[in-house]
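S.K.: Could you put the whole structure together from the sequences, leaning on the hints where they help?
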Amino acid sequence: MTIEIRPAVPSDAAQILTFITELADYEKARHEVIASVVDIERSLFSEGATAHGLICLREGVPIGFAVFFFSYSTWLGSNCLYLEDLYINPEQRGGGAGKKLLRHLAKIAFDNDCGRFEWSVLDWNEPAIAFYKTIGAQPQEEWVRYRMEGDALREFAQG
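With UniProt numbering as the guide, the letters of the sequence shown map in order to residues 1 to 159.
Zero decoy hints are in this set.
As a list, the in silico EDC-like pairs of lysine to aspartate or glutamate whose alpha-carbon atoms are at most 20 Å apart:
{"#": "1", "residue 1": "Lys-133", "residue 2": "Glu-118"}
{"#": "2", "residue 1": "Lys-100", "residue 2": "Glu-4"}
{"#": "3", "residue 1": "Lys-133", "residue 2": "Asp-123"}
{"#": "4", "residue 1": "Lys-107", "residue 2": "Glu-4"}
{"#": "5", "residue 1": "Lys-28", "residue 2": "Glu-84"}
{"#": "6", "residue 1": "Lys-107", "residue 2": "Glu-84"}
{"#": "7", "residue 1": "Lys-28", "residue 2": "Glu-126"}
Read the hints as simulated data drawn from the structure, not as lab findings.
M.R.: Right under this line is the structure:
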């Protein structure tokens, strides 16, 4: 079966939101998805958008997606590629689509002289962790990720 990876286009926004919702269900966080199709259209496809999307298709049917953006490493003095989300439909897993999508992203990183290709995974997601290790990715256990959002972000920003 043919697996194709292509850049996402505005008409993919509803499909991307469906994939986001399915991923959130898997991660037991469906209640945290507040994005709408309009939000996806604006954040991925408006002029000056900093995030980019890819659609993974098998025999022309969307089976997954990835969203990524470029970050920067001061220590390396180079751009990096950060993978925000990658999702393949559960019934399509194990057929090479996830690996092909990650390889496509690695090529984007390499072609853009990125010093790193990074992503995060939930610590309980053993299937994903095992998969990432098979392709040579290593956990960065010495770093703890922090987040500020919602009221905390607003209150801190407003002083």
